[in-house]
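Colleague: Chains A and B, in that order, give the protein sequences.
Letter by letter, the first sequence follows residues 352 to 798 of the working numbering.
Letter by letter, the second sequence follows residues 111 to 300 of the working numbering.
In silico PhoX-like cross-links for lysine-lysine, where the CA-CA straight-line distance does not exceed 25 Å: (1) B/K258 with A/K607; (2) B/K184 with A/K543; (3) B/K217 with A/K745; (4) A/K557 with B/K133; (5) A/K543 with B/K120; (6) A/K550 with A/K403; (7) B/K184 with B/K212; (8) A/K472 with A/K557; (9) A/K543 with B/K133; (10) B/K120 with A/K504; (11) B/K217 with B/K258; (12) B/K258 with A/K608; (13) B/K133 with A/K504; (14) A/K472 with A/K374; (15) B/K257 with A/K607; (16) A/K389 with A/K426; (17) A/K472 with B/K133; (18) A/K389 with A/K374; (19) A/K745 with B/K212; (20) B/K120 with B/K184; (21) A/K516 with A/K426; (22) A/K608 with B/K257; (23) A/K516 with B/K133.
Here chain B is said to cover these stretches of chain A; the calculated rule only asks that three of the stretch's residues, wherever they fall, bring their Cβ under 8 Å from a Cβ of chain B: (24) 442 to 454; (25) 480 to 492; (26) 524 to 532; (27) 542 to 549; (28) 604 to 613; (29) 696 to 708.
Keep in mind the hints are simulated off the structure, nothing from the lab.
Glycine included, each C-beta is placed from N, C-alpha and C at the ideal position.
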Amino acid sequence: MSWQDAKDVKIVTKNFGVDGSHKLSVYTERGGWQAFRKALTLPPAALTDEVKKSNLRGRGGAGFPTGMKWSFIPKEARTVYLVVNADESEPGTCKDRELLAYDPHLLLEGMAIASYALGCKHAYIYIRGEMMREARIVQAAIDEAYAGGFLGKEHAVGTGGNPFKLEITLHRGAGAYICGEETALLNSLEGKRGWPRLKPPFPAVKGLFQQATIVNNVETLMNVPDIVTKGGEWFARLGTPKSGGTRIVCVSGHVKKPGVFELPMGIPFRDIIYDVCGGIPGGRALKGLIPGGSSMPPLDANEIDVPVEFDALMTDPRIKDVEVKPGVPFDMGGGRKLKTMAGSGGVVVFDDSTDVVALCARIMRFYAHESCGQCTPCREGTGWLARVCTRLAKGQGEAGDVELLANIAHGIAGNTICPLGEAAAWPMLGFLTKFRADFEHKLRKAA
Amino acid sequence: MPLEFSAQSKQLIDRLLTQYPNKQAALLPVLHVAQDQFGYLPDEALELVAQMLELPPAHVFGVITFYTMFHREKHGRNELLVCTNVSCMLRGGYDILRYIEKKLDIKAGETTPDGAFTVIEEECLAACANAPMMICGNDYFLDLNEKKVDAILDDLRRRWQERQKMEAPGGGDPNRRTLMGVGGPGTKTS
Chain A
352 MSWQDAKDVK
362 IVTKNFGVDG
372 SHKLSVYTER
382 GGWQAFRKAL
392 TLPPAALTDE
402 VKKSNLRGRG
412 GAGFPTGMKW
422 SFIPKEARTV
432 YLVVNADESE
442 PGTCKDRELL
452 AYDPHLLLEG
462 MAIASYALGC
472 KHAYIYIRGE
482 MMREARIVQA
492 AIDEAYAGGF
502 LGKEHAVGTG
512 GNPFKLEITL
522 HRGAGAYICG
532 EETALLNSLE
542 GKRGWPRLKP
552 PFPAVKGLFQ
562 QATIVNNVET
572 LMNVPDIVTK
582 GGEWFARLGT
592 PKSGGTRIVC
602 VSGHVKKPGV
612 FELPMGIPFR
622 DIIYDVCGGI
632 PGGRALKGLI
642 PGGSSMPPLD
652 ANEIDVPVEF
662 DALMTDPRIK
672 DVEVKPGVPF
682 DMGGGRKLKT
692 MAGSGGVVVF
702 DDSTDVVALC
712 ARIMRFYAHE
722 SCGQCTPCRE
732 GTGWLARVCT
742 RLAKGQGEAG
752 DVELLANIAH
762 GIAGNTICPL
772 GEAAAWPMLG
782 FLTKFRADFE
792 HKLRKAA
Chain B
111 MPLEFSAQSK
121 QLIDRLLTQY
131 PNKQAALLPV
141 LHVAQDQFGY
151 LPDEALELVA
161 QMLELPPAHV
171 FGVITFYTMF
181 HREKHGRNEL
191 LVCTNVSCML
201 RGGYDILRYI
211 EKKLDIKAGE
221 TTPDGAFTVI
231 EEECLAACAN
241 APMMICGNDY
251 FLDLNEKKVD
261 AILDDLRRRW
271 QERQKMEAPG
281 GGDPNRRTLM
291 GVGGPGTKTS
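Bound-form chain B, shown alone:
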């Protein structure tokens, strides 16, 4: 079945389009909307976006491969962005990354088999004064140590399991991500 934007996504995109003098400029925000809805950006999603913004699909493909936040594979429900750049490195960022890899039994760049977590080694995330740190969704986790990581992962996993239970009978996809960030409800266009 071909992919389609939900009514909510469509509404969001309509509003986004009013904020730029041409359709192409809305490409990044619309790709964010698409990835939020579909969880990743398969070929069908790129074609859908290209069609909507009247752009060649090759252009859309060329753009998504330039930016690290757009991904072509499904990621876990929780994306852990772990910083290992200089400030974090000096305060044990690599130890934190290795600890998370060991605990989840995956390497950076991989997703746990149950789809709960994807671990990404990130470049500087602008929280250098609170190194080592990581981001998951809207949350910054600062001044990390192994004990804190244990608590964070347990909490994220518990919430993921609850969500799965809630969504299971209706057949919802537990990996579907909520709409977040710019263009969310309440975005003002004029």
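Chain A extracted, bound-state conformation:
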């Protein structure tokens, strides 16, 4: 199936625009909780198999296969936790907030199905602290689901299927980007500083409260009810060979119609910018874009024909390789050279009026602010990148600054506990590769 065939399919945004879409009554009227009833008639392992078949990949950033992640829960685990990562804070990303506001019950149903498949009796939603409005909406939905008999410690939702009990607790963060990293999130949920943990052990073996834990993104779980209803194969067919389903893309920056869109997997960036979003305002030319949240290496205007899909963005020959020193790790653990990534779906478009060095400096200041401080290369390196990049942007650069930026980034990547180091180093090296002339121009102006 090509991406054009899946153009009108809506899975996670199907209730957008419906009056009262956040209410249980509207949700059930539109077929909500039917997938859960069906799930309860199946053995738990069959659900994990169905998700494996669907080729659903994590929508939080890394794109890890969801069914495979679920299958990592050890058979002998006595307590299993499911944790929803709703800590959306990656610059350029604004999908989960809307999904939570418009359709919280779809998330709860996805969580209930996943919990049944995993053997989880208590699930947590870790929501970003600043999202007070969404926290209220989700809490109200949880209350409704308890009252409606879908959730609860005492309830055994039989409905002809297997008995099942699930509690869901909404937990508010308190302002720390790093808590979106799954092990930092677990520490934060345990009442500690949000410091990432060393892996292994992986959360599936030893996660929340030292128990087997699965951490999934909001959008990921919202796909699960439809996978149960329509089957894993249906979902897989919608996408590309290695990633099933649709993709939520949030487009911001210099486009006429920015927004959050559910699009077919594999649609090229060109179509997103010029068809879906109406092109660049003021008749200006495209300079480049950030493909999946600010931690991803950018693409320049000549690279927008690549499809928005996990594997293509990492390997497509039309994307220029990011320049790295020999021996510096620049991949995501799979041994594949990383060009860029689909990440969190946050596409930020910038036109030819943009001061790319200032944009890059803003990104670097973000990571310097958000580094948790545990690892020296990241704590010191991100601040250093921010300072050098900012002085360049201000026209106060010093001779050798461009090389210095590359050197610092090389010193961070691969040398930290969690990927926040890469989240700063990748875009830095990416901007230097794709827009080097802009950096050198700034330096000449300073001299």
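Mind docking chain B on chain A? Use the hints.
Modeller: What follows is chain B alone, placed relative to chain A:
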């Protein structure tokens, strides 16, 4: 006088404690409750929380300094979180921040002398498609321009003045914030 949790806060905390297998895990939600009641987190509040959750005060201190939403100083009744990250920056987020600073005659991080507003330069607030934007309490203010900012600030100030009038005779603190967010009335624990 030492700080104490109100009956309502205590009730809320009791319910929160049923949602976790140990007391420590309730730390962030309980700190939110404390900050909602007291308006900020002075040493006494930290000690109170530490005592309630049977944690060393040093641990509680170490946790609050990690998260940007917990603050040790009193903030204004209206916290304006103005985003200046990439998507907002590209569409004039810094101009909006500078305009607000000029209009309120304070810098980001400061509170107006009358206690009506605190302005905070925020990192990405997940409304990138509607940049530039800011948050105040439960409200998102999207696709901002100077005219919209004028109207929003006027409205917030008017409501703040009304509230002050209402609360003045009883001696209530106009900076006291209402309970909001998770753990509010109606929270289900089982």
